[in-house]
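4 protein chains.
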Amino acid sequence: MSLSVAALVIISLMASGSAVAETHHFEPSQYHNTFSFAHEPVLSIKPGDRVVTKTIDARGFDADNEQVGERPNPQTGPFFVEGAEPGDVLVVRFEKIEPSRPTAWSSSVLAPYTADPAFLRHEAERKQTTETWDIDKDRGVATVASETIKPRGIEVPLRPMLGCVAVAPARKEAVATSTPGAFGGNMDYNGLVVGTTLMLPVSEPGALLFVGDGHARQGDGEVVGNALEVSMDVEFTVGLIKEQKIGWPRLETDEYIMTLGSARPLQQALQHATTELQRWLMADYGFDERGSSLLFGHALEYDIANVVDPHFTVVAKIRKDFLTRHD
Amino acid sequence: MSLSVAALVIISLMASGSAVAETHHFEPSQYHNTFSFAHEPVLSIKPGDRVVTKTIDARGFDADNEQVGERPNPQTGPFFVEGAEPGDVLVVRFEKIEPSRPTAWSSSVLAPYTADPAFLRHEAERKQTTETWDIDKDRGVATVASETIKPRGIEVPLRPMLGCVAVAPARKEAVATSTPGAFGGNMDYNGLVVGTTLMLPVSEPGALLFVGDGHARQGDGEVVGNALEVSMDVEFTVGLIKEQKIGWPRLETDEYIMTLGSARPLQQALQHATTELQRWLMADYGFDERGSSLLFGHALEYDIANVVDPHFTVVAKIRKDFLTRHD
Amino acid sequence: MSLSVAALVIISLMASGSAVAETHHFEPSQYHNTFSFAHEPVLSIKPGDRVVTKTIDARGFDADNEQVGERPNPQTGPFFVEGAEPGDVLVVRFEKIEPSRPTAWSSSVLAPYTADPAFLRHEAERKQTTETWDIDKDRGVATVASETIKPRGIEVPLRPMLGCVAVAPARKEAVATSTPGAFGGNMDYNGLVVGTTLMLPVSEPGALLFVGDGHARQGDGEVVGNALEVSMDVEFTVGLIKEQKIGWPRLETDEYIMTLGSARPLQQALQHATTELQRWLMADYGFDERGSSLLFGHALEYDIANVVDPHFTVVAKIRKDFLTRHD
Amino acid sequence: MSLSVAALVIISLMASGSAVAETHHFEPSQYHNTFSFAHEPVLSIKPGDRVVTKTIDARGFDADNEQVGERPNPQTGPFFVEGAEPGDVLVVRFEKIEPSRPTAWSSSVLAPYTADPAFLRHEAERKQTTETWDIDKDRGVATVASETIKPRGIEVPLRPMLGCVAVAPARKEAVATSTPGAFGGNMDYNGLVVGTTLMLPVSEPGALLFVGDGHARQGDGEVVGNALEVSMDVEFTVGLIKEQKIGWPRLETDEYIMTLGSARPLQQALQHATTELQRWLMADYGFDERGSSLLFGHALEYDIANVVDPHFTVVAKIRKDFLTRHD
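Chains as they are written, first to last, in the numbering used here: chain A, 584 to 910; chain B, 584 to 910; chain C, 584 to 910; chain D, 584 to 910.
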């Protein structure tokens, strides 16, 4: 069974609300600053189960704007997924990602690697501030509160996402929650929104799923080093594909299949994403090397997820209708 | 007058068909393989004039599939724009980019820097071929002709673009037509299509405009090292903004303003594009450094134009409605 | 007291064999594949103490060529240094690094990022093998054993070094022993030989010192992905500088002071090393920014330690006689 | 005949002062700011001939400190070498490179890409100045003249070199004299000193040899963006190897053979240099791929020539005694 088909089966299984599936309401009381096999699971769940939980913001502030965790990106979890073993794929479909308080914050100047060094260096008025944004869920927008910024009242539509979704990394590594990798982590991809399905390669028994770092909205690259940082109400359903090897996180929407490569330099992140997507087409969609390369040459799309974390993240994606658009 | 406004005025001036504007029909008889001040202009045109001309494909084959130029990317031009001086901005609006023959070609394996080295290296069946695509203008699609590629009959919609638009480079450099830079050149951006307006910094009297390297369609990154390479019928109108300094090519559509940075590594291309777009917002749209950074943090978009040319090209862009979405 | 002077004082203190200093003979029985705060110390030592111990090779083979550890780079330790606290600097002077068996091994083709992708890709005869080298301590050389390699009998002088010296990383990260960083780790620098003094920033109580990955010799860059991998007899003395902040490993010999930056891309490793060395000159040697920059412009030297590990390592160094060669 | 042997033969031919060889005294009266096929040769010379000439400094100042050329790096030449054709190798041995005036200048702060962006950005006292150095040829040193720099009177030994040696580039490109490439150019390698022999791939009839950009001394990386910039008295002898294909500049001394790769990012420069050196060993010294890789793994050395020019330059080198140190 192909990975993609398997994922869809599992997703529909989740959606059908099979008899055995449960919904867990989990209120976190502690948070983690590493993605690690060493953290005690907070909850054991089965494939098909839904989890209703919360995340706090990147500096550890919760829905009441109380600090209950430490920066950076304190994580909710880990959740132990029964039956998950190294060599499997964990599937996570996000059903709710919603800001749980009326303000978000973000930085106000570009991060060091996003702009020409000479420009950053000579900019006389450079002064990093943390800016508050008012979130208006009714209107679906966020607005800068400060009156000293030009122009005043910058407004952007909400598009809530999670900066971090991870399993425990391979090789018994414990990775700071600032960092993305093959295990997921701080990918900071603005396409990781409600309705998407994420696949992660399992390296430890139980997979050990972490979530955190909600953004009410984020631009490509996360160029100020963070986004509209806010606590979130989160709901997701997990699935499991046994004995399926993937090299990097994969993401699926109604329109696209995508792969998320993380590394420095930026080009290496792109290389990982490209190769992972090509492997996918060759393994599951009937393409050989030249067929997949030809399609990539004319239909591949890239998104730049982040250029500010210890590893940068590039997304390679292809519209699903191209996968069947042939004889 | 702000650059953006100026460009719009000039564009509408072009569109209005002012009394003085002419339409030139130019049939090229020779082609150039460098962008250089040293090439004799083929035609002198005035701001507001329209040019109806042709380009040949990246290996020098014309509408009759006869070889009349040399690889790579033989250029039509240069056109001398009257009144253009170093320090001005040349404006080019594309009104027609249309394949002029029924077949295009492309390579069939990924270029060296687009994929994981270990994957490229170990792929047993690696075998570079040049593939022919049939162009069906009625249906608006191109289809792989070969029967040995899996799957057979890969089909993609047409989206014609120009890989190369350039002025003569600064510093009396003569740059191979494989290469993009501040002067434009081989940017290989799949967003450079009919309806877009390109702005280029003028470095030589008359600007010396080159066009070439038509693609019937191209994916992000141009990852096979070329695209659906084809000869084109091309029409464009030129404008001029006097004494306006820009650092990199700028592109405008109904929806977006964009900047195109070219360099290696990929990150430096991104840095150039980001800084150029920020300068634009600060100069023309009432943003200060923090305001533009904040907006970028939550609304900036990047496209990866090419990762195969001697310089890579990254596009930074922002939706125009964000530019006025504030108090 | 300046860091450098402090280090020298401590070193001479070590050398003088103060009354309280002890020599510990430690025979390892287990090995670690992460640099981590979580590993139980094998021995507690005091500043000034000397440790006589052993390391096994990068694949876990000991002096008897028995496999007793797992790849990659199984580490001896960690050693708990009494009194070491976060914010201190651990000083390690190496007094013996000597191969403990008569053969070493190395790979035989270049690693993916060291050579032009097109060359690696097209090289028909590419065939990775593990080659055995005979170590002749009397003559001080190693010789390739295989008869199928051209030319036969390649010989190189021995210059034993340690690929890995580390303290526990910051942020409770557990880092695979393939990787270098601010904490030291798998720097793979061929200048880390007997007679050098290494300084590492302490992040955990007791510092937690790891050593491993001995190389009988290694070229710049470690371009085949490993070196003359061999088990070692190792002796070192530790010191401690209280409340001294350094950002990256520093190394001192009779002739040079050096800093070791690790990151990808290569340029970022170089940037870390350069900045760390400049901070050193500005803090300890009476240079201001322009003075240190001027000296760097005309006397800085770089070594490329490795371009094959998850982070690459670049060494910035300056001859000590330049530090006093002024009015 | 192997390239290396050929070079040696030619060099000894030069040295022997064969009957036909001439010495040309050439006093330049104009200078060039591009390396280009389009410049009129100033002199026609034969293989074996010696040229005695002068270069001016990077800003165009001559031995009398009069400005007679334009920045950057105005070049003396081009010299037309009789018999040189595309596909040949031009050989240049430097016999004199000597400062021709008593002062040099250099910048005083690190260039943008050499140091951590955050350090460059936050450095309060950053203030770029051009500093004068007094050259004392008797003592063989240069000393900073300014009294405001700490410490005062920084002194470095002279080690005169040429930043630029080039032939006309391929593809009819005209390249700014700020830039190095396969044609040589602004490599800024501090090992290009008297006694070295440089080999450059010929792309145009007559090769068209340029020289310029003398440095009284330079550190690795040329990290302040320039070096001890000074006018020079220069003498060199040229040779020619017919129909020998090389990809990048090669340099030979009594001790080493070296290759100079130039590109961005830094790693790509390293890749070019590594592959060029491996090709050399495989073509001329009896090594196969594994043999040369094995030797590189344990005996390769890298120098970082420059990290400030539009392309960076890395030198791969190997001691000549390793080339024969086998059965």
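Mixed in with the good hints, there may be bad ones.
Pairs count within a copy or across copies, as identical chains cannot be separated in the list.
[Stated by the list, open to error] Heads up, simulated EDC-like pairs for lysine to aspartate or glutamate below, C-alpha to C-alpha not over 20 Å straight-line:
#, residue 1, residue 2
1, Lys-637, Asp-837
2, Lys-733, Glu-826
3, Lys-903, Glu-738
4, Lys-755, Glu-623
5, Lys-733, Asp-910
6, Lys-733, Asp-904
7, Lys-637, Glu-818
8, Lys-755, Glu-787
9, Lys-710, Asp-871
10, Lys-637, Glu-678
11, Lys-828, Glu-787
12, Lys-637, Glu-826
13, Lys-679, Glu-818
14, Lys-733, Asp-871
Rather than coming from a laboratory, the hints here were simulated on the basis of the structure.
Tested hints:
no., hint, verdict
1, Lys-637 <-> Asp-837, "neither (26 Å within a copy, 40 Å between copies)"
2, Lys-733 <-> Glu-826, "neither (54 Å within a copy, 26 Å between copies)"
3, Lys-903 <-> Glu-738, "between (33 Å within a copy, 13 Å between copies)"
4, Lys-755 <-> Glu-623, "both (14 Å within a copy, 15 Å between copies)"
5, Lys-733 <-> Asp-910, "between (55 Å within a copy, 10 Å between copies)"
6, Lys-733 <-> Asp-904, "between (43 Å within a copy, 16 Å between copies)"
7, Lys-637 <-> Glu-818, "within (8 Å within a copy, 52 Å between copies)"
8, Lys-755 <-> Glu-787, "both (9 Å within a copy, 19 Å between copies)"
9, Lys-710 <-> Asp-871, "between (52 Å within a copy, 12 Å between copies)"
10, Lys-637 <-> Glu-678, "within (13 Å within a copy, 52 Å between copies)"
11, Lys-828 <-> Glu-787, "within (14 Å within a copy, 36 Å between copies)"
12, Lys-637 <-> Glu-826, "neither (30 Å within a copy, 40 Å between copies)"
13, Lys-679 <-> Glu-818, "within (5 Å within a copy, 49 Å between copies)"
14, Lys-733 <-> Asp-871, "between (53 Å within a copy, 5 Å between copies)"
Of the numbered hints given earlier, the model fails hints 1, 2 and 12; all others are met.
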